[in-house]
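Chains X, L, B and G, in that order, give the protein sequences. FYI, the numbering for the first sequence is 51 to 347, going by my numbering. FYI, the numbering for the second sequence is 51 to 347, going by my numbering. FYI, the numbering for the third sequence is 51 to 347, going by my numbering. FYI, the numbering for the fourth sequence is 51 to 347, going by my numbering.
It cannot be assumed that every hint is accurate.
Unchecked claim - Restraint ranges, calculated between C-beta atoms of paired labels, are given here: (1) Leu266/G / Lys273/X: 33 to 41 Å; (2) Thr188/X / Glu52/L: 40 to 48 Å; (3) His136/X / Lys340/B: 56 to 64 Å; (4) Gly334/L / Gly55/G: 56 to 64 Å; (5) Glu304/B / Lys81/G: 40 to 48 Å.
To be verified - Computed footprint of chain G on chain B; a stretch qualifies when at least three of its residues, placed anywhere within it, have a C-beta under 8 Å from a C-beta of chain G: (6) 156 to 165; (7) 175 to 188; (8) 242 to 255; (9) 288 to 297.
Stated by the list, open to error - Computed from the model, here is a short list of chain G residues facing chain X with C-beta under 10 Å: (10) Lys81; (11) Ala220; (12) Asn221; (13) Ser222; (14) Lys223; (15) Met224; (16) Gly226; (17) Leu227; (18) Val228; (19) Gly293; (20) Val321; (21) Asp322; (22) Gly323.
These are computed hints drawn from the structure, not numbers from a lab. By construction, the Cβ of each residue, glycine as well, lies at the ideal position given by its N, Cα and C atoms.
Number of protein chains: 4
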Amino acid sequence: MEINGVEIKNNYAEAFGIKVTRLLVTAATKKLAKIAATEATGYGTSVIGCPAEAGIDGYMAPSETPDGRPGYVIMICNSAKKKLDHELLERIGMCILTAPTTAVFDMLEDPDDKFKTGFKLKFFGDGYEKKQEIAGRTIHSVPIMSGDFLVESEFGWKEGVAGGNFFIMANSKMSGLVAAEVAVDAIANVKGVITPFPGGMVASGSKVGCNSYEFLNASTNEKMCVTLKEEVVETEIREDVNGVFEIVIDGVDEESVKQAMKAGIEAACTVDGVIEIDAGNFGGSLGAYKIQLQELF
Amino acid sequence: MEINGVEIKNNYAEAFGIKVTRLLVTAATKKLAKIAATEATGYGTSVIGCPAEAGIDGYMAPSETPDGRPGYVIMICNSAKKKLDHELLERIGMCILTAPTTAVFDMLEDPDDKFKTGFKLKFFGDGYEKKQEIAGRTIHSVPIMSGDFLVESEFGWKEGVAGGNFFIMANSKMSGLVAAEVAVDAIANVKGVITPFPGGMVASGSKVGCNSYEFLNASTNEKMCVTLKEEVVETEIREDVNGVFEIVIDGVDEESVKQAMKAGIEAACTVDGVIEIDAGNFGGSLGAYKIQLQELF
Amino acid sequence: MEINGVEIKNNYAEAFGIKVTRLLVTAATKKLAKIAATEATGYGTSVIGCPAEAGIDGYMAPSETPDGRPGYVIMICNSAKKKLDHELLERIGMCILTAPTTAVFDMLEDPDDKFKTGFKLKFFGDGYEKKQEIAGRTIHSVPIMSGDFLVESEFGWKEGVAGGNFFIMANSKMSGLVAAEVAVDAIANVKGVITPFPGGMVASGSKVGCNSYEFLNASTNEKMCVTLKEEVVETEIREDVNGVFEIVIDGVDEESVKQAMKAGIEAACTVDGVIEIDAGNFGGSLGAYKIQLQELF
Amino acid sequence: MEINGVEIKNNYAEAFGIKVTRLLVTAATKKLAKIAATEATGYGTSVIGCPAEAGIDGYMAPSETPDGRPGYVIMICNSAKKKLDHELLERIGMCILTAPTTAVFDMLEDPDDKFKTGFKLKFFGDGYEKKQEIAGRTIHSVPIMSGDFLVESEFGWKEGVAGGNFFIMANSKMSGLVAAEVAVDAIANVKGVITPFPGGMVASGSKVGCNSYEFLNASTNEKMCVTLKEEVVETEIREDVNGVFEIVIDGVDEESVKQAMKAGIEAACTVDGVIEIDAGNFGGSLGAYKIQLQELF
Numbered sequence: 051m052e053i054n055g056v057e058i059k060n061n062y063a064e065a066f067g068i069k070v071t072r073l074l075v076t077a078a079t080k081k082l083a084k085i086a087a088t089e090a091t092g093y094g095t096s097v098i099g100c101p102a103e104a105g106i107d108g109y110m111a112p113s114e115t116p117d118g119r120p121g122y123v124i125m126i127c128n129s130a131k132k133k134l135d136h137e138l139l140e141r142i143g144m145c146i147l148t149a150p151t152t153a154v155f156d157m158l159e160d161p162d163d164k165f166k167t168g169f170k171l172k173f174f175g176d177g178y179e180k181k182q183e184i185a186g187r188t189i190h191s192v193p194i195m196s197g198d199f200l201v202e203s204e205f206g207w208k209e210g211v212a213g214g215n216f217f218i219m220a221n222s223k224m225s226g227l228v229a230a231e232v233a234v235d236a237i238a239n240v241k242g243v244i245t246p247f248p249g250g251m252v253a254s255g256s257k258v259g260c261n262s263y264e265f266l267n268a269s270t271n272e273k274m275c276v277t278l279k280e281e282v283v284e285t286e287i288r289e290d291v292n293g294v295f296e297i298v299i300d301g302v303d304e305e306s307v308k309q310a311m312k313a314g315i316e317a318a319c320t321v322d323g324v325i326e327i328d329a330g331n332f333g334g335s336l337g338a339y340k341i342q343l344q345e346l347f
Numbered sequence: 051m052e053i054n055g056v057e058i059k060n061n062y063a064e065a066f067g068i069k070v071t072r073l074l075v076t077a078a079t080k081k082l083a084k085i086a087a088t089e090a091t092g093y094g095t096s097v098i099g100c101p102a103e104a105g106i107d108g109y110m111a112p113s114e115t116p117d118g119r120p121g122y123v124i125m126i127c128n129s130a131k132k133k134l135d136h137e138l139l140e141r142i143g144m145c146i147l148t149a150p151t152t153a154v155f156d157m158l159e160d161p162d163d164k165f166k167t168g169f170k171l172k173f174f175g176d177g178y179e180k181k182q183e184i185a186g187r188t189i190h191s192v193p194i195m196s197g198d199f200l201v202e203s204e205f206g207w208k209e210g211v212a213g214g215n216f217f218i219m220a221n222s223k224m225s226g227l228v229a230a231e232v233a234v235d236a237i238a239n240v241k242g243v244i245t246p247f248p249g250g251m252v253a254s255g256s257k258v259g260c261n262s263y264e265f266l267n268a269s270t271n272e273k274m275c276v277t278l279k280e281e282v283v284e285t286e287i288r289e290d291v292n293g294v295f296e297i298v299i300d301g302v303d304e305e306s307v308k309q310a311m312k313a314g315i316e317a318a319c320t321v322d323g324v325i326e327i328d329a330g331n332f333g334g335s336l337g338a339y340k341i342q343l344q345e346l347f
Numbered sequence: 051m052e053i054n055g056v057e058i059k060n061n062y063a064e065a066f067g068i069k070v071t072r073l074l075v076t077a078a079t080k081k082l083a084k085i086a087a088t089e090a091t092g093y094g095t096s097v098i099g100c101p102a103e104a105g106i107d108g109y110m111a112p113s114e115t116p117d118g119r120p121g122y123v124i125m126i127c128n129s130a131k132k133k134l135d136h137e138l139l140e141r142i143g144m145c146i147l148t149a150p151t152t153a154v155f156d157m158l159e160d161p162d163d164k165f166k167t168g169f170k171l172k173f174f175g176d177g178y179e180k181k182q183e184i185a186g187r188t189i190h191s192v193p194i195m196s197g198d199f200l201v202e203s204e205f206g207w208k209e210g211v212a213g214g215n216f217f218i219m220a221n222s223k224m225s226g227l228v229a230a231e232v233a234v235d236a237i238a239n240v241k242g243v244i245t246p247f248p249g250g251m252v253a254s255g256s257k258v259g260c261n262s263y264e265f266l267n268a269s270t271n272e273k274m275c276v277t278l279k280e281e282v283v284e285t286e287i288r289e290d291v292n293g294v295f296e297i298v299i300d301g302v303d304e305e306s307v308k309q310a311m312k313a314g315i316e317a318a319c320t321v322d323g324v325i326e327i328d329a330g331n332f333g334g335s336l337g338a339y340k341i342q343l344q345e346l347f
Numbered sequence: 051m052e053i054n055g056v057e058i059k060n061n062y063a064e065a066f067g068i069k070v071t072r073l074l075v076t077a078a079t080k081k082l083a084k085i086a087a088t089e090a091t092g093y094g095t096s097v098i099g100c101p102a103e104a105g106i107d108g109y110m111a112p113s114e115t116p117d118g119r120p121g122y123v124i125m126i127c128n129s130a131k132k133k134l135d136h137e138l139l140e141r142i143g144m145c146i147l148t149a150p151t152t153a154v155f156d157m158l159e160d161p162d163d164k165f166k167t168g169f170k171l172k173f174f175g176d177g178y179e180k181k182q183e184i185a186g187r188t189i190h191s192v193p194i195m196s197g198d199f200l201v202e203s204e205f206g207w208k209e210g211v212a213g214g215n216f217f218i219m220a221n222s223k224m225s226g227l228v229a230a231e232v233a234v235d236a237i238a239n240v241k242g243v244i245t246p247f248p249g250g251m252v253a254s255g256s257k258v259g260c261n262s263y264e265f266l267n268a269s270t271n272e273k274m275c276v277t278l279k280e281e282v283v284e285t286e287i288r289e290d291v292n293g294v295f296e297i298v299i300d301g302v303d304e305e306s307v308k309q310a311m312k313a314g315i316e317a318a319c320t321v322d323g324v325i326e327i328d329a330g331n332f333g334g335s336l337g338a339y340k341i342q343l344q345e346l347f
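If we strip away everything but chain X, and leave its shape as in the complex, we get (with noise of 0.2 Å):
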């Protein structure tokens, strides 16, 4: 299958069960949303050494928002709810609470559950903090130095989707990159997903135990580095391939993955120099979902 001359491998991306957030960061200006929802997903991108996985999903103008305000969509995830409830306290708490003119709301659908995490902020009010009614929801104001934090009261967790991802082959190291960057810039499209990877590209891709070291769980998948190729007899990688980059999605369901991945590798596609549009697995006994690439389109 080829799209734009690209071929589109017949593979699966192996995807894994997590338990996710989605929160609203509103403020008194778009740059100000931002700059909470940055500090608050950053650390965040695999729960293999990250205290959660985290990102952006995207931005809500005024007029979509329960404030009224600019605003952006983030997303906390981790497979233990208890890490979860942790994560979303301590990421509100220091990087939310602590930014200028911040408000925060729930924003997941179908929750499994509730975390009671603005509840629990509020007594950082000592005494002072008031509870109110903002577009049906119910929302604790606590009064801090430069004005009042908004924080709802809870904030749904469900069962959703780690790890769908798609692997970008192309001619030169910098077309991949390139590629790497359109792919997510098209995925920041898509509601419920987010990239929790640097830029939300990765870089390097790992295989499970180590040959050289026996105290390691994890190494580099030597199969896939280019600059390996010529080293590594079993490389997977062609002799025209000379840049690989992985793109890594979380959603809230799988539904929403396989979007992502279909709005990614169609902008990937556009790229001059892409060759190949792969997946990654572990054979598909590791994870709950195998979705497949020709299946997206």
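With chain X held as given, fit chains L, B and G onto it using these hints.
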């Protein structure tokens, strides 16, 4: 004392010891270096609730860096050495190694000691890693999917200074906000410091303990809340002040923090509507450093 | 009438006819499309002194554009048809054709007539140019150094509306400034309009004629200058107002301009310190359109 | 000659005389200064079709500027003195005076002569303008709606250099594109120069005259078009080159242009896939300056 008509209070900032690291992240482009630097320093406003205090110190042009590529200097800080070691490893391993085309160099002068962060990360290469020298530095080259990740073998740490600060009091909330932005931008040109809060600005202040809820160790400082100044008798906010923001600074040493405070205050005092500059302290009993505002000028 | 505590004055904006074009600039990446769009719309605040009024209307995701690449819609306007023809040719030829990887498509609905801009630009190809069809459009493909520049053969123009406006009056200069920024960001989500002044905000107002210097046709409107409100007896600025900014809107039709004014005013009214919204007119004798503020809501 | 494995051709850039001005635009915030600087330098790639060549030279921190506020230095250039006088007046009057909170200072060293731009603009104040001195400069303070616009009375101009240039030849279009971006970012740190094309990059090259259409004075340089290299027998593009971009530099003098070329080329040579650096000339008969590539290093 007055600067540009703004009163500089006769008060001091109380600052604390913290262990700091200072790294240079380079990449193929300035934008990619910024992406990695931002991800690696997110979720890092205060060690009260974040796993580190972290931020971007500044940009280095290609002509100034060891590998001739554009880069950003970042600082990652923690009061506990073991935690700092962990954070350095994870923030580099998860947020910089995974980002496209990056390399990481140690940029701390006069370290107290060193972490073997690069030495540990090299094992990810599963035997394909190589040791090389760049500009007199020992560098590990680790093959990853998109190329080779370069990381210096060791990263210095030293006792630095956290919590340098000043308060901007303004005639309106937005005057205070704009002045805070201006101060942060000015501080960006001072070497060896970060402003770890979101966008460099702090919108909330805390007091030790909580009057209404015994289970809380810290709560909002009601005396500094603009929306409570009518209600709280002991308010420390002047009647004509309606906007209060704090700038918090971490630095490699006291001198750097002082320079940052000076640059930030002078810039804030150019903004229309700023009335007063104050500083935060806890009576001087907790912190190792007392930085007098008026002595900065 | 009040919105969120802000008084909406019983006044109207007087707007004028202007000839408008509306183009889509796509490129390999979102960033490159923005670069070309920005260059092509610079030096375009007002036809009083600039060769055109120009600005960015909005972003189009890859899935929405004729060539599947990211793009920005821009508008270029002039009251004189011949000048507009010239400006279109030069701004596309000098600022978009010369920018990496771009293509330009006509995005104006219901044109009054068309300019043969693409047809003229194709001759730059010196015989190597080719004609093709993309999404039902006639496109010229012109070989340039870095690849092929694509440009639609004809671009529509129509009688649109210039000078839609409103004034933000605030308690401090910075409150007014932040509110202006917020209004412009909100208007960015309305299709078919631009805010041609720098950053969308207007810091200066004019009156017809000049009292002190006969040789000038226009001069500062002293009745609307905040720094002159004590000095000028006929000042139109309330005593509690210290910040005044105007937003000026050009659009493809009156309805678009009205929607933009509504979105901008509603967003401005969420900003702390905004006191009053007014509109600018010349007694109604000069412009073809009178847009009543209070009828927008 | 090779830099980092990239061949530096034995060739020279042919540059021309042009009249240059160099201004500092300050504002309340760094962002506002950037907005005004960007608007004032737009539509300014080449005097062949634009009313000026213009661009941003660099950022100046608050501690470095005459009024202690953040600012951007811009350059506006034209070969004709009278046109330059006009452009300076209109670009300052329409794009900077109208932008919030701005001030404009002369930043040209060793001028040949001066334009009375500020002196002329002051009349807009209709008698309310005032003359003052800031850092030894004669400044006019003109009351506008949102405050006072400050402008230096006179602005120097001098004979500078236009059309300094180099070509980046790369293995893929995207490698060339990324290298061009990197070069432009590196040049941004050299004082006294601008890269006037969109984003600093030139995607199209011209030859004098036109073979197919007699009425054209200039047309695409088919020998340098990557998509024509199979078709055009006299192509100057190597078989392994698939991406060609040019960087064009204007500067206050030849030395600045040389430094910019050096910084840009060195940075471009760090980018994966760059094969060759060349320069553009017209046989040396047209321009006053011949800058040898290999002599830069």
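Going through the hints against the structure:
Hint check: Leu266/G to Lys273/X, Cβ distance near 54 Å, so the stated range 33 to 41 Å is violated. In this structure the supplied range 40 to 48 Å holds for Thr188/X paired with Glu52/L, their Cβ-Cβ distance being about 47 Å. Restraint check, His136/X to Lys340/B: a C-beta distance of roughly 58 Å satisfies the suggested window 56 to 64 Å. Hint check: Gly334/L to Gly55/G, Cβ distance near 59 Å, so the stated range 56 to 64 Å holds.
For Glu304/B paired with Lys81/G, a C-beta distance near 32 Å fails the hint of 40 to 48 Å. For the region 156 to 165 of chain B, the stated coverage by chain G is not satisfied: 0 residues place a CB nearer than 8 Å to a CB of that chain, which falls below the threshold of 3. Only residues whose beta carbon comes within less than 8 Å of a beta carbon in chain G count, and the region 175 to 188 of chain B has 4; three or more means the coverage holds. With 8 residues bearing a CB less than 8 Å from a CB of chain G, the region 242 to 255 of chain B meets the requirement of three and the coverage assertion stands.
With a threshold of 8 Å between beta carbons, the proposed coverage of the region 288 to 297 of chain B by chain G holds, since 4 of its residues qualify and at least three are required. Against a cut-off of 10 Å between C-beta atoms, the interface hint on Lys81/G holds, since the closest Cβ of chain X lies about 8 Å away. Against a cut-off of 10 Å between C-beta atoms, the interface hint on Ala220/G holds, since the closest Cβ of chain X lies about 8 Å away. Proximity of Asn221/G to chain X holds as hinted, the smallest CB-CB distance being about 5 Å (cut-off 10 Å).
Evaluation of the Ser222/G hint against chain X yields a held restraint, the C-beta minimum of about 4 Å falling below 10 Å. Of the supplied interface hints, the one on Lys223/G holds, with its beta-carbon coming within about 5 Å of a beta-carbon of chain X, less than 10 Å. At its closest, the beta carbon of Met224/G sits 4 Å from a beta carbon of chain X; the interface hint therefore holds under the 10 Å criterion. About 8 Å separates the beta-carbon of Gly226/G from the nearest beta-carbon of chain X, less than 10 Å, and the hint is met.
Interface restraint check: Leu227/G against chain X, minimum CB-CB distance 7 Å, threshold 10 Å, status holds. With 10 Å as the threshold, the beta carbon of Val228/G comes within range of chain X, its nearest partner Cβ sitting at about 4 Å, so the hint holds. For Gly293/G, the suggested interface contact is upheld, since its CB lies about 8 Å from the closest CB of chain X, less than 10 Å. Of the supplied interface hints, the one on Val321/G holds, with its beta-carbon coming within about 7 Å of a beta-carbon of chain X, less than 10 Å.
Interface restraint check for Asp322/G: the shortest CB-CB distance to chain X comes to about 5 Å, inside 10 Å, so the restraint holds. The restraint placing Gly323/G at the interface with chain X holds, with a minimum CB-CB distance near 5 Å, inside the 10 Å limit.
In summary, the numbered hints that this structure violates are 1, 5 and 6.
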